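Engineer: Sequence:
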Amino acid sequence: MEKRRFYYGWVIVGLSMVSMAFWFGIRTTFSVFFVALIDHFHWGRAEAAGAQSIAMLVYMIMAPITGILVDRIGPRKVVLPGIVLTGLGFLLCTQIQTLLQFYLFFGVIVGMGVTCLSIAPFTVILSQWFERKRGTVNGLAGVGIGIGVLILVPLVQYLISSQGWQFAYLIFSLLILAIPLPLNTLFLKYRPQEMGLLPDGNSSNYLREEDHQKVQHNDALHLSSLQKNQELKEAFKTARFWYAIFFPSFTTFGVYIIVVHHIKYLVDLGMDKIWVASLFAVIGALSAGFRFFWGWFSDRGGREITFTLGGACFSLGILFLLL
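Residue numbers (this note's numbering): 687 to 1009.
Keep in mind that the hints were calculated from the coordinates and are not lab data. On a predicted model such as this, the values are computed, not experimentally measured, just so you know. Note that the Cβ used here is the ideal one computed from N, Cα and C, for glycine as well.
FRET-style restraints, in silico, Cβ to Cβ:
1) 848 / 882: 41 to 51 Å
2) 972 / 880: 29 to 39 Å
3) 943 / 968: 15 to 25 Å
4) 1005 / 882: 47 to 57 Å
5) 725 / 918: 45 to 55 Å
6) 880 / 750: 19 to 29 Å
7) 916 / 691: 29 to 39 Å
8) 1006 / 783: 39 to 49 Å
9) 743 / 763: 18 to 28 Å
10) 762 / 692: 14 to 24 Å
11) 725 / 869: 29 to 39 Å
12) 848 / 943: 28 to 38 Å
Modelling step: build the complete structure from the supplied sequences, incorporating the hints.
Structural biologist: Put into structure tokens, the structure is as follows:
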């Protein structure tokens, strides 16, 4: 039997990891810039935090649009312009003089662009490459979220402390254009069929007849937009669908309420900014490990029990903060 080649889907997993590292790194470094901009412009906390609120609102609108566009026109025409837009937004942030400019450059422009680096398009892409291990590969890609916090939060704080927030925005812009943009340009592929492969690393030479029929059936379902729309309409009628929507939505609200003000709160208690950023980085490191674990566990223990245990851990974390 011919030896199987390395499966390109793992390249897509790595690409997703890098892209999501920048996505969540952008989200969490806001709290570092938040402190610097308040100190420089003497804005109120609620006013400055409004930029993140606008960015999250833009994300809520853009995420489903991004997913639909990935399905219809392919990820390259969505992800690459989004990365360029994100880099442009950060470049414009170096010129911030007013609160309105902050809202526009970060809240709207970066908010739109960063959606294309987020979990929204890459879960769609990964689902094309993997069927049997979707939880594991999504968890592995999600490790990038923790890595983004681990690396980018202390880096941005160091740049701000040594050179100022404008310089930090400039370097962030250059990093976005220098790392995820060329990597996605060179390596992003939507479906394994583009490379003569099938999901999970199978190829037609190795498929059992029943597997081949299953893949053909799945491809037929994918090409049938009418049937997909019908399935989506049916899903809208189920309570489980809305539970799956609202659970991460409400969880995200809780996360960002804390993340935005976390560093400012600790700095006001007298802690050193670099030290606080380093503590944030530790959270990222822990997150990276557990994201892979929960993805792996969901393939074995089931999605429902994983959601439940993860939600319980999150709730306990909030309780400990309150105490």
